[in-house]
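Taking the hints into account, I'd like the entire structure generated from these sequences.
Just so you know, the sequences run in chain order A and B. Going by numbering that gives the first Met the number 0, 216 is the number at position 217 of the first sequence; the sequence numbering is gapless. Going by numbering that gives the first Met the number 0, 48 is the number at position 49 of the second sequence; the sequence numbering is gapless.
Since the hints were derived computationally from the structure, they do not count as laboratory data. Just so it is clear, the structure is predicted and the values come from calculations on it, not from any experiment. Some hints could be false.
[To be verified] The calculated DSSO-like cross-link candidates involving lysine-lysine, where the alpha carbons are at most 27 Å apart (straight line), are: (1) B:LYS177 / A:LYS234; (2) B:LYS168 / A:LYS66; (3) B:LYS130 / A:LYS168; (4) A:LYS234 / B:LYS234; (5) A:LYS177 / B:LYS168.
2 protein chains.
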Amino acid sequence: MQLFIGNWAPDGRFILSEEESHHCIRVTRHRTGDRLLISDLKGEIHLGRIMDENPKQTSCLKEEVWKTEQITQGRITIGISPTQQSDRFEWFLEKSVEAGVHRIQPLICHRTENQKDKSDRWGRIIRSAVKQTLRAYEPQLLPAVKLREWLKTKEDGQRFICHCGPGHKGFLGSLYQKGSDVTVLIGPEGDFSEEEVAQCLSSGYTAADLGSLRLRTETAGLAACFILQTVNNCK
Amino acid sequence: MQLFIGNWAPDGRFILSEEESHHCIRVTRHRTGDRLLISDLKGEIHLGRIMDENPKQTSCLKEEVWKTEQITQGRITIGISPTQQSDRFEWFLEKSVEAGVHRIQPLICHRTENQKDKSDRWGRIIRSAVKQTLRAYEPQLLPAVKLREWLKTKEDGQRFICHCGPGHKGFLGSLYQKGSDVTVLIGPEGDFSEEEVAQCLSSGYTAADLGSLRLRTETAGLAACFILQTVNNCK
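Okay, here's the thing in C-alpha cells:
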C-alpha cells in the first residue's frame, strides 16, 4: 500500500496536502472508501480510509495505527560534506533515509569543493525516499553550515569524527553505546584537514573508523548509519 | 598513492597489464624509479618501484607488503536479483566492493524484470571500485543463474534469505556468527515469490531481516554487507 502525507485537522480527520490529494485522486485514482496509509511523518503511520475524494483536499478517517517509529532514542545525526559530484550526495540522502537516519547536517569543510546549498532539491529527495521506505518519521535536513560553526552547537549523546588521518581510532560499532543518540561527522573527498580534526577532538568528538576499507564520502556516511543501526538492532 | 594491477613473473618482477601500463606511463606519467602500489588482487597489495617505464609492459620490483586482506574467513557472498533500472544494480556493485563483499551472484528470480546479463560491464565496475577502494582482493562476479539452479550448489557457512513475506525472522546481525563464511540472498523488486522462499528454506537457508525499514533491492544488498562487516569488526 502507498503512503500519503498530510496533517491532522482539529476534528480528527486527516487532510492530504494539495499535491498529495492530486496524486492520490488523479494519478493513483483512489476513490472514496479506499484504504491507504497516511502519516504526518511525526512518528506514526495510520491505516486510513478516504472520506472525500477531493483532488485538491482529500480527507481521510484513521482506522488503526499501522506502524510506529522509535524516535526518542538511538537518534542518528550525520554531519557530512557535500560531494564534488552532486549525484553522489543525493544518493547518500536517499540511502541514509532508507537506513534510518534522523538528522542530516551538510557540512562545509576546508576541502569541500561543491558548496552549493540545494536544500530544496535535497528536501524533495528525502521526502520521496521517506514515502518509498514507508518511514513514519521524516529525517530533518539542517541548513548547510561551516564545520567550525557546527562545532559551536553542543550536541547531546555520543559524538564521533571519522577521518583517515593518523592517530588511534576504534571501530565506530565498538565505540557506540546501543540506544544512545549519536552524531557522526564525515569529511569531503580528500578528508578533513589536520586542523579540522584537531578542532573536532578538542570539541569533544572521538575519532572512529568504519572498518579497514577506504570508503568514498557518500559511502562512509551510509556505512555509519548501517553500523549504528546494526548495534541498535542486535540483541 | 594509486593502485596498479598486474601479475608476478617467475623471476619475481611485477608486470602491469597492457591497459595498466598505458595508464601508468601515458596517463599518470609515472617514470622509472617511481613508487606505486601494485597488486595481483589475490589478497596483498605491495609497495613497488618502476624498473622499466614501458607503456605496453611496465615492470616493477616489490619493496614491501603494504596491505594484506583477510580472505580466509568471514567471506561474504551476496546472491541478488538485478534491478529493473540497471544503474541501481551497478550502484550496488560499486558500493558492495567498498563494503568488502567477497562474491556476487546475480540471481534470476521469478519477479526479476531485467534479465540482461551484463557481466563485462559489471566486471569493469567492480574492477574500478577495487582500485578506488584499494582492496587487495577482487570480489568474484559469478555468471547470472536462475535461483533454483543456485540452490543446487551447496554453499559452505551460514546461509540466509532476506524476504519481506510473513513468518518469523531474526535480525541478520544477531543470527550471523562472527567470522563465519556467509551467503545472503536478496530478491527483486516485488520480493521473492512464496514458492521461492519455500524452496530456499527447504534448501537450508534461514529467513532473516535487515531491520525494521523497507529497503530497495540494491540497498538491501549493501545493508547486508555492512551488517555482517559490523559483526566481524566489533570486538
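*asked:* Hint check: A:LYS234 vs B:LYS234, CA-CA at most 27 Å. Holds or violated?
replied: holds (15 Å)
*Please work out if A:LYS177 and B:LYS168 have their alpha carbons no farther apart than 27 Å.*
holds (21 Å)
_So if I understand the rule, the pair passes when the alpha-carbon distance is 27 Å or less; does B:LYS177 with A:LYS234 pass?_
holds (14 Å)
*Restraint status (C-alpha distance of B:LYS130 to A:LYS168 at most 27 Å)*: holds (24 Å)
*Straight-line Cα separation of B:LYS168 and A:LYS66 no greater than 27 Å?*
holds (18 Å)
Consistency note: the structure conflicts with none of the earlier hints.
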